[in-house]
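Q: Take the given structure of chain A and dock chain B to it, following the hints.
2 protein chains.
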Amino acid sequence: MNIGWKIWLTKDGSKIYGKGPKELLQRTEKMGSLRKAAMSMNMSYSKAWNLISNLEKSLGFKILDKTIGGVDGGSSTLTEEGKVLMSKYEDLEKRVEEAILKIFEETF
Amino acid sequence: MNIGWKIWLTKDGSKIYGKGPKELLQRTEKMGSLRKAAMSMNMSYSKAWNLISNLEKSLGFKILDKTIGGVDGGSSTLTEEGKVLMSKYEDLEKRVEEAILKIFEETF
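Here the protein sequences come in this chain order: A and B.
Note that my numbering has the first sequence beginning at 6, numbered continuously upward.
Note that my numbering has the second sequence beginning at 6, numbered continuously upward.
Warning: the hint list may mix true and false statements.
Same chains, same label: a pair holds when it works inside one copy or across any pair of copies.
Result set (DSSO-like, lysine-lysine): computed pairs, CA atoms no more than 30 Å apart in a straight line [unchecked claim]: (1) Lys16 x Lys71; (2) Lys107 x Lys62; (3) Lys107 x Lys16; (4) Lys24 x Lys41; (5) Lys107 x Lys52; (6) Lys107 x Lys41; (7) Lys71 x Lys107; (8) Lys27 x Lys107; (9) Lys88 x Lys35.
The hints are simulated quantities; they were obtained by calculation from the structure and are not laboratory data.
For reference, chain A alone in the conformation it holds in the complex:
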């Protein structure tokens, strides 16, 4: 027997950050483009845009710096606060995993 789990961040009772947004930000950072990141996840650009926009509204700070147009059709880079969010969440995930596995071992 094993244990499974899922975590996410909420604001005012709504999910604002979890597996999907985390993946989107990771890919955006790597590819330098929200559009390319969304495409690589089979997510529409408008969905990705809304996701980031709602996240920024909930958190009260910018996650992405976007430049529009240009030869490469615009780019997106994570803001400092966006990077901090990503890194804190990865830390949270790692520590939650360790804690859950330990508790499971001790309980069952």
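A: Quick look at chain B alone, frame taken from chain A:
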């Protein structure tokens, strides 16, 4: 901002126990009947029966003692091992909750 989470038990990669089965067992214990418990959760009796049967197969022990027929149409009581499972899982849930909230406070 807050944290949300969900946990469950798995066997060979499949979910075998979580929120739904826990509720079903709690109600069965209280009402003395798997059928009544299922009905009270808007779950079909065949679904409840399959759920318990698969759980018992996965765990390798009986969860419910069932008597069939009689004036009240049969009854179900939890076996000792079923009670231990319920109580261990409740303990697990409580400890996971405490750990997750603590980690969240420390991280964000």
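Q: Starting from the hint list further up, note which numbers the structure goes against and sort them upward.
A: Hint check: 5, 6, 7 fail, others pass.
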